[in-house]
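A.B. asks: Work out the full structure: start from the sequences and follow the hints.
Quick note, the sequences are listed as chains P and A, same order.
The first sequence begins at 1 in our numbering and counts up one residue at a time.
The second sequence begins at 1 in our numbering and counts up one residue at a time.
By construction, these hints were calculated from the structure, which means they are not laboratory data.
Idealized CB from N, CA, C, for every residue including glycine.
Fair warning: there could be bad hints in the mix.
Pairwise CB distance ranges, derived in the manner of DEER restraints [as the list claims (entries may be wrong)]: (1) P:Arg262 to A:Leu246: 41 to 47 Å; (2) P:Ser16 to A:Arg69: 37 to 43 Å; (3) P:Thr244 to A:Leu64: 26 to 32 Å; (4) P:Thr100 to A:Asp176: 52 to 58 Å; (5) P:Ser16 to A:Leu246: 52 to 58 Å; (6) A:Asp72 to P:Thr250: 37 to 43 Å; (7) P:Thr250 to A:Ser116: 44 to 50 Å; (8) P:Ala65 to A:Ser116: 48 to 54 Å; (9) A:Lys210 to P:Pro98: 39 to 45 Å.
2 protein chains.
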Amino acid sequence: MQIIYTIAELRLRLASQKNIGLVTTMGNLHAGHIHLVNLAKQQSDCIVVSIFVNPLQFGVNEDLAAYPRTLDADCKKLEAAGVDIVFAPSESEVYPTPQTMTILPPAIAEELCGASRPGHFAGVATVVSKLFNIVRPDVAVFGKKDFQQLFIIRQLVSQFNLPIEIVAGETIREEDGLAMSSRNGYLNPAERLEAQRLSRALKLVVDAVKKKKLGFTEIESQTTQYLTQLGWIVDYISIRNQDTLLPASTDNQKLVALGAARLGRTRLIDNIEFDLG
Amino acid sequence: MQIIYTIAELRLRLASQKNIGLVTTMGNLHAGHIHLVNLAKQQSDCIVVSIFVNPLQFGVNEDLAAYPRTLDADCKKLEAAGVDIVFAPSESEVYPTPQTMTILPPAIAEELCGASRPGHFAGVATVVSKLFNIVRPDVAVFGKKDFQQLFIIRQLVSQFNLPIEIVAGETIREEDGLAMSSRNGYLNPAERLEAQRLSRALKLVVDAVKKKKLGFTEIESQTTQYLTQLGWIVDYISIRNQDTLLPASTDNQKLVALGAARLGRTRLIDNIEFDLG
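C.D. replies: Shown next as structure tokens:
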């Protein structure tokens, strides 16, 4: 496995490479990332994993400085997973000058996670565009845990005519149901015990929707109240149309229950897709 | 020469093509466009010329509907010029769904032409991004007549890490100095006679700057007054730094005098680069 730090060297290495698979990460890798690598391997001959903590997608009061940088441990995991190239550029390699041109994401980027993280998806779409242009992958794999991000990346690819196939990886969970995330490492033991409740609450949302006794808004607000009483600060609990991410209507068959909530200083997100058969 | 109307067919044709040169146009071609084709031929083995009147870069009160569509005549000129492929997609081929994600250009896009054409450069940058992703050229040639556009395209390529070399083509002029433009065809005979005055006025600006007797702002406003008295509606006359497009300071060596002004309903633009030796 090669570790490459510069765009020029990466381009040279990939110049005549066919069938490239890309997994973009911010490092601090867990089994969820390795699952994405394995999906990429099924479709590609050369797997590139980028590790870059992208300042453009962090708000001023967010955890950019605290975000765990664990390059050596990450590289060991990626080598064991059969990755060909780790691309680990510095901030000045990706942003040699201020990024005064950005991707303006669609209106949906202002809702859900975007409502509490203004500018986040513009930062994501911009850095992913750059990485796509640097690596020129045939396939890129993104996790469903970041459901809204996946939605926006699919829009990016389709609306900008990028010749890249986007593959979605299922969310990998701890035994108690907590979705794997680099940010789980911020949780203290009591918070870690409580953290499983987010995925459980979303399961209750799904069950309630299927029972059809309560309206979507009622289910959302009752679930928010339930988590709030348990000490969570809830950003949103929302039932949405899987294909558009717009608020679900009772006509929609393919839905997704999404949630974002904070335990102490740690913000967790999760979602469950489901069908109204 | 092939004329291709769909993205799928174009991709198939270019799949194993090396060394592609692209000239993006809105059709109604003149000698200025052919000059760009000739520049592309010097560096590429396969020349693609796109012809697409991009609705996204026209304001609501602009000349989108009136813009001349002359595909047959254009193709004859391009065949004679040795072009390999004309890409002439329909509006629904380029925008099968509403373009809800766009390129947000840098602040300079709000000045000069952007001040009187809000959203114009976002539309330009977005469609050029799409065409770059569809054609994947090695070289793309843009004319210096659209100096601000060229500046923004260079920023697009550099800030989004596009592996494309941008080549700039000199402005081609009529015998009386009028910069060639598809919009010159809108001028009535009296306006056509007067139109040469824009390039002459910009030459006077350059001479005045070199003489160093008047300040830049004075030169700009005197030239604006001069054209206004002759019946022009002046959008701007501006002396700028060639490298940043910011208002020039007396320290700058490489300057450009830019102007945009209307004769009747026709908006003309022009510019002259010059050095303060």
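A.B. asks: Can you name, in rising order, the numbers of the hints this structure does not satisfy?
C.D. replies: 4, 5, 6, 8, 9
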